[in-house]
Amino acid sequence: MGRLWAKGALSTFLLASPAFTMVLGLLVGAYRIPVADVVGVVAAEAAERLSSILGFSFSSSYPSVYETILLRIRLPRVLLAMAVGSALAVSGAVLQAVFRNPLVDSYILGISSGAAFGVSLAVGVFSVAEATPFAFVFSLLAVLLTCSLARVGGRVSPISLVLAGIIVNAFFSSFTSLLKFLMEHEKLASVVYWLMGSFANADWHSVEVALPLASAGCLLVYLMRWQLNVLSLGEEARALGVEPGRLRLAMIAVVSLVTSSSVSFCGVIGWVGLMIPHMVRMAFGPDHRLLIPVSTAVGASFMTLADTLARSLASYEIPVGVLTTLLGVPFFAYLLRKTGGGWYAEG
Amino acid sequence: MLRVSGLSFSYSDFSVRDVCFEVEEGRVLTLLGPNGSGKTTILKCIYGLLKPKRRCVLVDGRDFHSLPLRERAKLAGYVPQVHSPSFPYTVLEFVVMGLASQLGVFEAPGEEHYRRALEKLRLLGIEGLKDRPYTQLSGGQLQLALIARALVQDPRVLLLDEPTAHLDFRNQVKILEVVRTLARGEGVSAVMTLHDPTLASVYSDKIALVRDGRIIALGSPRSVLRSEVLEKVYGVPVCTIEVNGLRVVLPRVASHGR
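Line by line, the protein sequences give chains R and D.
Under our numbering, the first residue of the first sequence is numbered 1, with each subsequent residue one higher.
Under our numbering, the first residue of the second sequence is numbered 348, with each subsequent residue one higher.
Some hints here could point you the wrong way.
As the list claims (entries may be wrong) - One side of the interface only, derived from the structure: several residues of chain D facing chain R at Cβ under 8 Å:
id : residue
1  : Leu416
2  : His430
3  : Ser433
4  : Glu454
What the hints assert, rightly or not - When the alpha-carbon atoms are kept at most 35 Å apart in a straight line, the in silico DSBU-like pairs for lysine-lysine are as follows:
id : chain 1 : residue 1 : chain 2 : residue 2
5  : R       : Lys7      : D       : Lys477
6  : D       : Lys421    : D       : Lys398
7  : D       : Lys400    : D       : Lys421
8  : D       : Lys521    : D       : Lys579
9  : D       : Lys421    : D       : Lys477
10 : R       : Lys338    : D       : Lys477
Derived from the structure by calculation, the hints contain no laboratory data.
Where is the CB? At the ideal position from N, CA and C, for every residue including glycine.
Start from the sequences and build out the full structure, keeping to the hints where you can.
Okay, structure coming up:
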C-alpha cells in the first residue's frame, strides 16, 4: 500500500510540475523580476484577456518593462517549449506502442530529415528568412512518402514503416547534405544552428500555431489512451475484434502533425520523445492510461527546464537540442545499466 | 454450435479445400496433422483472420463472416499460437484487453470489466498472478492468461492454435483439462490444433485429420486414430494400443536393438 501511495503522490506531483517549471522559466533571465511580480503580471494578463472575452474591464499596473520582458519574450518562449516538449514526448509514447518497439520516436517517420531539407531549401536556395513553412511542408511530405512507401498490398505493417522511414530519412538527408555542400558559409551556419534546435525565435505567432495543435493532439491521444494498450498487441488485436490498421494510421497522422509543427518552429530536438516515455514507464509501468498524461506533463516540464538552462547557463545561448541530448544520454545510460532494459518486455 | 461447410482458401502455393465439420455445444474438436498441413490456416479462416473463398461458417446458426470483426469477437475467442509480448502489462490489464471489442475508441474498461476479467482468472486458477507483469509468466501461465483473455467475452466458440506448444507434460495436461472443462462447463464449442495424437485422443470428442489442406478423416478418436490412416498422414510407421478404452499412438520402431 505504501508503494501505491508513493506512486500516486509522484504521479500527482509530475502532473502538476508544468506549473512550477513555468514559473521558473519566467523567473530566470538576465533581467531580475521578483517571483510575486512574475505571477502577478501573468495572472493580470490572463485576467485581462479573459475580461475582454467576457466583456468586463480589467487593467493592471505593473512596470511596462516587466510586461515587455515577461509577456513578449519569456512567456511565449516558455509556452512554445511546453507545447513542443509535450508533443515530442507523447508522440514518442504513441509510436513506441504502435510499432511495439521501445526505440522509436517520431523522427523515425522521416519528419526531422524532411524538415531539415525544407530549411536547407529555404535558406540555401530561396534565401527566405521565414523557414518554418518550408520545414512544415517538407516534414509532412516526408511522412506521406514514408507511409505510401510502406503500404504493401493495401496494408501498412510496423516493420515496413520503419524500413520506409529509414529510406526516406536517407533520401532527404543526402539532398540536405548536397545543399549544405553547395551553400555559402553564413547560410550554412544558420542551417546548422537551426538543426541543433532552439527556442530563441519563439514569439506569439509560433505559440498560436504550435500550442493549439499540440494541445489538440495530446488531448486526442489522451482520449484514445486505452486503445494504445490494445494497439501495442500488434496484429493480434484483430483476434480481439479490433482492426489495428486504421487506428494506427490515425495515430500516425496525429503524431506527424504535432511533431512537424514543433520541428518547424524550433528545429530538431532529440531524445525527448525517446527518453520521457521510458522514464515514465519505469516509474509507473506500461499502462497508457497513466503513461500518456504523465508523459505530456513531464515532456512540458523537461523541455521548459532544458530551455531555461540553455539560455542561462552561459553568457551565450546553448542550442537546446544539444542540451537535451547532453542531459538525456547519461540519465538514459544509467537507467539502462541499472535495469538492463527490464521495463520493456522481459529483461 | 459451430458449423464449417466447404471452407476453401488458397495462398499462392498452398490451398485448403472443402473443409467441413460441426462442433456441438460443449464438445471439443481437434485438428490433427503434420506441420504445414493447413491446421492454423483453417483456424484463421474460421475466425476470419484469413478470408476464405466463400462464407462457410455458422455460429449458433448465424453467418459468422457477415458479422463485423467486433461482433465476431463477441461470439468467438481466438488463442494464437505465438504471442510476442510488447510491454509488461499486468496479467489483469492483459486479460481485460479481451474486452476491446465491447469498448468504444475513446472508452477505457471500468469496474465491471475488471470484475469479469478477474472472474476468468479465478476460473482458470491464476487469480494470484493478476498483478504480475505478464511478460514474466512461465509458458503454461502465459497460455492460461491467453485463454483467459479469449474467454473474457464469454464466447460461444473457442479456437486454440496449438495450446500445448512448448509446454511440459504437466502443463500440456493442465491446459487440455482446462479446455475440456470449459467446453463441458460453459457450453463452449472448442476447436484446437495439436501435434500429439495420443493427447488428442484423450481430450477430444472428435478428431479431424488434416493433410495437404484437406480433411482426410473425421470422427471419434477411436474411428480416426487407426495405424493405416496415421501412417498415410504422417508418413512414418506407427502402431496403436488401447489403454482404458483410449487409443494410444506410438511410433513403430524397426528393431529394439539390444
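Quiz item: Tell me, which hint numbers fail for this structure?
Solution: none
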